[in-house]
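Line by line, the protein sequences are chains V and A. Residue 94 in our numbering sits at position 94 of the first sequence, with consecutive numbering throughout. Residue 357 in our numbering sits at position 357 of the second sequence, with consecutive numbering throughout.
Worth flagging that the hints you see were computed from the coordinates, not collected in a lab. Warning: the hint list may mix true and false statements.
To give an idea of the interface, some chain A residues facing chain V are shown, with a C-beta separation under 10 Å as derived from the structure [what the hints assert, rightly or not]:
1) 16
2) 194
3) 323
4) 327
All C-beta atoms in this analysis are idealised placements derived from N, C-alpha and C, irrespective of residue type, glycine included.
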Amino acid sequence: MSAAPEPDAVVAATPASRLAAYVRGGGVVVPVLTTLLAFFAGGLVMLVTGSDPIATYEAIWKGTGLQWIFPWTTGDERALAAVNLQQTLLVTTPLILTGLAVAFGFRAGLFNIGGNGQYIVGAIAAVWAGSSFPDMPAFAHVFISILAACAAGALWAGIAGVLKATTGAHEVITTIMLNWIAIYVGLWLFGVGGPLQTELEPEIPKSADVVEGAKLPVFWGEPILQGLHIGIFIALAAVVVFWLILNRSTTGFEVRAVGFNPEAARYSGMSVGKNYILVMAVCGVFAGLAGSMDVLGWQFRLATNDIQFQLIGFFGIAVALLGRNTATGTVAPVLLFGALISGTSQRNLDPTVFDPSLASNLTYIIQGLVILIVSADVIVLALMARARGLFGRRKPPEPAAAEAGEP
Amino acid sequence: MSTSVAAASRVALSARAAAWVGIGLGAVAWYLALPPILLRTAIPSLLIAAVGVAAGAYAVREGRRRLGWIAIVIAVIGAIGAVVATQSGEGNLERVFVWSALIAAMLRFATPLIFAAMGGILSERSGVINIGLEGMMLMGAFFGIFGADLLGSWFLGILVGVASGAVLGLVHAVVSIHLRADQVVSGTGINIIALGITGYVFIYHYGDQGTPPDVSQVPNLTIPLIEDIPFIGEAIGTMNLLTLTALLFVPVLTVYLFRTRGGLRLRSVGEKPRAADSVGLPVLRTRYLAVIASGALSALGGVYLSIGLLSAFSQNMTAGRGFIALAAVIFGSWRPYGALAGALLFGFSSAVARRLPAFSDSTAVLFEALPYVLTLVVVAGVIGRSRPPAAIGVPYVKE
């Protein structure tokens, strides 16, 4: 590679500092380009295996329900789009939270791939708390269940944090191991004969149902048809909390300092180890909260299948990276991938156009490509620098400059 | 002056020895309660474990903190294990701890880990972190059985699988070396892409039925003389061809890395790339080849999974093995024999976990978590004790 990147784009040590350079250099154009590239590659995959990419993407689009936003969608089409949009937003809710779980870790220089395990542990805690205490008043019950989920997630992620702080064990390996341990613990708990398996149907490997009083109220659509529950507001509130912690609190300042340069942070008196533990715990809170949102919002029980094939923690990685680990950046990727997941689901995708189980694998390919392209931030920055040179020297776009200082 | 140095080194040596004695005593304590000795009282084991703890404590006080603490932990685990074993039914114990079968199973489970670990060593010794071992193994697992099915022979299946892993290795190499990406993030992307590609082609080609049950399998080899020896025969008399290959590959890689010029060049590229470059070594090309080779080797481990061990493919069937292999690499201090020991340890835990359901049926699933818990413990206990290649993870910029 003969292009000499701008000084800004020189390889820096930690993921946080590299991604910060990415933010300063790229603005919003780079994530958009990355996404387009990934979707283009996905289309190539479809083409190679004999499917029609345009028709497929169109069918996926139809299933997302995003047409509801456009005022020219009317009548039956609008009603169908409304239902589909509810489904999309149902998926988006936990995705926001698992995205935050990854993003928060990245800001401290930690790569939290354990979102899946933390989600599962949170879901287990929520389903246990939600199905016990049948006589508790509704608000208290929901509150306790969510609290249990957050605590469980924090504890699970905290294990990886403690290991990193005390022994320096790389969080990638520890969080992935914890993912698998969480899966097997869940399979054991709810399997036939397991300790938390429902007593009402002894042959079916699932948990007890969440009590009516612990369910999150639905505010759009019919509860029977899985309408949208208030969890989406909780998730959006979490985004605000994320921004507040990182940018308006001393803890957040320490976290970001540790992320940029752990040695300098340690030199100026911050405890890097304590910050690692705290950051992992907060990541666990976000991911565990995601688990509780699904359990208390629309699943109302956990079966072994739900645990085994859950991948929302991994989707959070692509979301966080595309959103450059910032609060404001998370919105668009979350909507995009939420729509992609919802649009390719068994329920929404027309099987004559494209097989839904093929489609879910397609989303993995697209997400993997996104992660791959984002990881090569330097080349993207170099391209941007070249492009800027082509069009003459000009200031970086305003949003990027503002975002470098704020979220 | 020299006597004090000698005295100091003598003390340091005995601290290290004490720690290893502690580890050994912990293992012995547990072993006493297992077949074939099957002591029914825990007292001797507890006494021995207590001595082990003391040895570990001595090591800690004499300065060998990490090793000493490991010894204490292992002695305590040995004591607990002995107590549990004496409480369990003799019949159950005898069914689970059939040592010859355990050893055979250990080798079977360790094979994919050994291949991936060798690949990991090559890549990391050249300075490139390869988190994508998992994805490359998965590619080999699918395309191995896919190739064997379409082309009719296990050998061609191996070639196809290895090639697919090499291709993915090439992608990782380009992104990590040429585009200078963050190697951990790009490795994660590789894993997810592999998950998607294998799942996509799997469903596209095989749909609901899954892979056919009669695909050509990699054959088992029976070593004629050894087979007849009572204990060893059941343990290693019959091994899969790929298992044998893996075991033979370890000394081959050791010789290559530490006794040949090519190995020296590889290691220098990973330790001091700028110095290597100034002497004229092709740093980038060496890294490319190392990463591609690691992809090929991991894929070979995956091929064993699908057409050597299980004769089927299911989505995400590698189940984290690539990461366990990475832990084995770290456990073994980036040396082939060390990684082999780690792989055998994890393989052993899988083998025991597979048989533990004899005790309790519903807990069977929980025992499946044993290898992952062990990996967690190992990674935590071992990291920092060994030093990775100096220039690992830092993309090389030619000046």
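Do the hints match the structure? See the list:
1. Of the supplied interface hints, the one on residue 16 of chain A is violated, with its beta-carbon coming no nearer than about 20 Å to a beta-carbon of chain V, more than 10 Å.
2. For residue 194 of chain A, the interface hint holds, since its Cβ comes within 10 Å of a Cβ in chain V; the closest pair sits about 8 Å apart.
3. Taken as an interface hint, residue 323 of chain A checks out: its beta carbon lies about 5 Å from the nearest beta carbon of chain V, inside 10 Å.
4. For residue 327 of chain A, the interface hint holds, the least distance from its beta-carbon to any beta-carbon of chain V being 6 Å, beneath 10 Å.
In this structure, only the earlier hint numbered 1 is contradicted, and the remaining ones agree with it.
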